[in-house]
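So the sequence shown is numbered by our numbering: it starts at 64 and just counts up by one.
Everything hinted at is true.
Computed list of lysine to any residue pairs in SDA-like fashion (alpha-carbon distance at most 25 Å, straight line):
{"hint": "1", "residue 1": "K230", "residue 2": "W145"}
{"hint": "2", "residue 1": "K221", "residue 2": "S187"}
{"hint": "3", "residue 1": "K233", "residue 2": "F98"}
{"hint": "4", "residue 1": "K106", "residue 2": "A234"}
{"hint": "5", "residue 1": "K237", "residue 2": "T96"}
{"hint": "6", "residue 1": "K168", "residue 2": "A156"}
{"hint": "7", "residue 1": "K117", "residue 2": "T166"}
{"hint": "8", "residue 1": "K153", "residue 2": "D103"}
Simulated from the structure, these hints should not be mistaken for lab results.
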Amino acid sequence: MKTAIFTGVVAAFLAGAAFAGTDDVRFPASYATDFVQYHDIDKPNMKRGHTLRKFFINKDALAAVKAGKPLPSGTVIIREDWFVKQDAQKNPAKGANGRFVATSKKGVEVMEKRDGWGASYPASKRNGNWEYASFKPDGSRNAKANIGRCFGCHMKVKGKDFVFSQKELKAAAK
64 MKTAIFTGVV
74 AAFLAGAAFA
84 GTDDVRFPAS
94 YATDFVQYHD
104 IDKPNMKRGH
114 TLRKFFINKD
124 ALAAVKAGKP
134 LPSGTVIIRE
144 DWFVKQDAQK
154 NPAKGANGRF
164 VATSKKGVEV
174 MEKRDGWGAS
184 YPASKRNGNW
194 EYASFKPDGS
204 RNAKANIGRC
214 FGCHMKVKGK
224 DFVFSQKELK
234 AAAK
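Please work from the sequences and hints to get the whole structure.
Next comes the structure, spelled out in structure tokens:
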């Protein structure tokens with residue numbers, strides 16, 4: 064009986080921990096003007112079609128990178144995903160610069176770093192002190208998003224503070 068209760072408590076804790084704190088991440092409504100766009104990338108053949116991704120970071124965090132320091136508590140990184148124009152064969156249209164032509168925003172993903180935010184996660188899922196949230200183009204929370212996927216994917220770049228675009232951040236900080 065004690066084993067069953069213990070197992071149930073552990074399972075409940077782990078289920079809750081998978082999404083602990085994601086509500087703490089807020090949509091930074093003024094990011095398009097108050098943050099720095101530091102990177103964009105064309106992503107062909109994503110599950111939901113061809114995608115243009117744009118990346119933004121808050122200015123204080125970029126200043127830390129410029130000073131050669133690690134990303135501090137308070138860092139916010141934004142990824143916008145955009146639908147792209149396609150031709151009749153569903154190939155992505157490209158502009159004069161050779162890049163995908165964005166049409167409308169798909170959604171906005173936010174990763175935010177705050178001291179202590181990682182404490183509620185087991186080591187196997189913890190991404191330092193990063194937390195993630197997904198928002199619809201209008202800034203409302205995307206309740207259907209699987210935030211657990213964010214943790215799993217970013218675990219691949221644990222040695223880079225869980226941020227895939229470190230190289231691009233360093234280039235933008237110059």
